[in-house]
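**Q** Given next are the chains, with one letter for each unit.
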Amino acid sequence: MSRTWIVIPLFNEAPVIGSVIKDLLPEFPHVVCVDDGSTDTSAQAARAAGAVVVQHPVNLGQGAALQTGFEYVLQDPEMSCVVTFDADGQHRVSDAAAMVARIQSGEADVVLGSRFLDSRTRIGPVKRMVLRTAAVQSRWSTGMPLTDAHNGLRAFNRHVVSNIHLTQNRMAHASELIQILAALKPRWTEHPVEIIYTQYSKSKGQSLLNSVNILADLLFR
Amino acid sequence: MIIIVQVVLVLVVIFFSLMLVRGGSNAKHMAVRRIMVMLFAISAVLSIFFPTLLSQLARLVGVGRGTDLMLYAFIVSFLVYMSTTHQRFRQTETTLTKLSRRIALDEAERPWESMPAVPGSGVSAPAVPGSAVPGAGVSGQTSKETVASHPGQGL
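Chains A and B are the protein sequences, given in the same order.
Start counting the first sequence at 1; every next residue gets the next number (the numbering used here).
Start counting the second sequence at 1; every next residue gets the next number (the numbering used here).
If we strip away everything but chain A, and leave its shape as in the complex, we get (with noise of 0.2 Å):
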């Protein structure tokens, strides 16, 4: 029996985390939240959809959730596949399913999502080139020909997990995981997945300056 964990990094998103996890349950049973340190009710919120949290006593930053979500479901010995999904709703469960199906069938240790693989994202053209510009830049860096650099939406094996060791605690989480990856040499690829741009998630979401902190961590660590 193996079991396939969904890891979501939870920082004050009480309105959509019951919702997310609900739509997730039917598909995936074992779900774990990362309350990093939540100020809002997002914790119980999680924790009524039917979620297992794990809450950090205080704020660290979506990579160290990560880590210890990665952490949290390497104790469970059944565990053989983990997904990395964001609480704002934007990723589609089945995308996730589609995922995990690679990942079991042993094509690939490490996959990927990206949401210039197919058209249904609809992307503006600002956020589009920014998110272009990072993955020839980690392109560059790691010699992977990533075409989607900072999408949350990740699935791993086993294996690949318990190498995972991220130290950089806030944004520049997502640059250090491709390296990592570049030096473990996993067999790999990328799975076209659909973001959902929602009011929500826009209003929410990482705003276009951020990238300039994204820059500055990996620069300056």
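Derived from the structure by calculation, the hints contain no laboratory data.
Be careful, since some hints might not be right.
As the list claims (entries may be wrong) - A short, non-exhaustive set of chain B residues, derived as facing chain A with CB atoms under 7 Å:
#, residue
1, Leu-9
2, Arg-101
3, Ala-104
4, Ala-108
5, Trp-112
Claimed, not checked - What the simulated footprint calls covered on chain A by chain B, stretch by stretch (three residues with Cβ under 8 Å from a Cβ of chain B suffice, anywhere in the stretch; the number is not a length):
#, segment
6, 49-55
7, 105-111
8, 126-133
Said to hold, decoys possible - Pulled a few chain A residues facing chain B out of the computed Cβ check, cut under 8 Å:
#, residue
9, Thr-68
10, Glu-71
11, Tyr-72
12, Thr-198
We put the CB at the ideal spot given by N, CA and C, even for glycine.
Guided by the hints, dock chain B onto chain A, whose structure is given.
**A** Okay, now just chain B, sitting in the frame of chain A:
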């Protein structure tokens, strides 16, 4: 009048030197720091009693006035201070992260422990959590060790 200033300045130099010499973490860093402090104390006391010495030194290295030399030295030492403080801050952050993660993981429920416990072996199954706890002090690597220990559990 000038003697009072000199006494005060010497006391200040002694106070800060003692403060910096006391304690520390890394033995090598501490030794380097103590040497630096000794050099600073000697030059500071000398410049208090022979103010022209600094100006002579400044002219020697082509800076002009002694005060300019002091300013440059101050800027350099401030930058060094900033970078070491930054390093220490990063270390503290890493420690805090590991500590928080350990607390979070220890407090979390583990649903898989109750799952296999159904077929009558109510006592043997909960024995597994013990294997997740022992490395608690190390963090970071702990989960890896935990994972390594699990296959033998034959769950």
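**Q** Take the hints in turn and mark each one as holding or not.
**A** Evaluation of the provided hints:
no.	hint	in the structure
1	Leu-9	violated, 38 Å
2	Arg-101	holds, 5 Å
3	Ala-104	holds, 5 Å
4	Ala-108	holds, 4 Å
5	Trp-112	holds, 5 Å
6	49-55	holds (count 4)
7	105-111	violated (count 0)
8	126-133	violated (count 0)
9	Thr-68	holds, 5 Å
10	Glu-71	holds, 4 Å
11	Tyr-72	holds, 6 Å
12	Thr-198	violated, 29 Å
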